[in-house]
Amino acid sequence: MLHQPLFLRQSLAVAVSLFTWQVAMAADEAPLASPAMSTMVITAPAMTDPYTVSTDARTPQLPLPAADGGAFLKSIPGFSVSRKGGTSGDPELRGLGGSRLNILADGANILGGCGGRMDPPTAYIFPQAYDRVEIIKGLRAYATGWPQREWCASSATSRC
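Number 159 marks the last residue of the sequence shown (numbering that gives the first Met the number 0); no jumps.
Honestly, the hints are just simulated from the structure, not real lab data.
A portion of the hints provided could be inaccurate.
[Stated by the list, open to error] Below, in silico cross-link-like pairs of lysine-lysine (BS3-like), each with a Cα-Cα straight-line distance of 27 Å or less:
{"no.": "1", "residue 1": "K73", "residue 2": "K83"}
{"no.": "2", "residue 1": "K73", "residue 2": "K136"}
{"no.": "3", "residue 1": "K136", "residue 2": "K83"}
[Unchecked claim] Simulated DEER-style distance windows between Cβ atoms:
{"no.": "4", "residue 1": "R93", "residue 2": "A66", "range": "38 to 48 Å"}
{"no.": "5", "residue 1": "S10", "residue 2": "V40", "range": "54 to 64 Å"}
{"no.": "6", "residue 1": "N108", "residue 2": "R131", "range": "14 to 24 Å"}
C-beta atoms are modelled at their ideal positions from N, C-alpha and C, and glycine is treated no differently.
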């Protein structure tokens with residue numbers, strides 16, 4: 000009885016070594032081939048310079064057409080949207096949102112409808128009513144007549 004655990008340990012060690020030897024031999028026989036990668040298509044708006052992104056507001060956006068300005072901005076790299084209320088969204092550009100994100104429509108500053116930002120300024124902007132949307136990143140203090148510390152987003156050139 001004292002020798003039975005030793006016998007079990009030895010037989011288990013032999014079984015494990017035989018199994019690992021077979022796996023190692025099978026790995027040596029397999030040809031080394033690089034994995035085939037499929038073609039990847041990346042679609043993003045063109046940058047005219049590092050601080051400006053300009054895109055056509057009338058081009059179809061995926062997955063659905065934008066219902067408001069926040070949904071349109073969500074399709075631009077760097078933007079995220081936090082839902083406020085039932086349909087509108089408050090945009091954030093790389094984490095900066097609220098009063099640090101200046102929203103202009105045809106050169107006029109648009110503010111939200113309530114203090115809790117439940118009615119963000121992008122709820123009043125319909126992208127299909129504009130020829131282009133221009134995102135201006137960086138310090139824009141008094142350039143548009145409104146002091147801005149960090150970021151400025153501009154929807155410009157109305158068709159009307």
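Checked hints:
no.	hint	result
1	K73 - K83	holds, 14 Å
2	K73 - K136	holds, 16 Å
3	K136 - K83	holds, 24 Å
4	R93 - A66: 38 to 48 Å	violated, 23 Å
5	S10 - V40: 54 to 64 Å	holds, 57 Å
6	N108 - R131: 14 to 24 Å	holds, 18 Å
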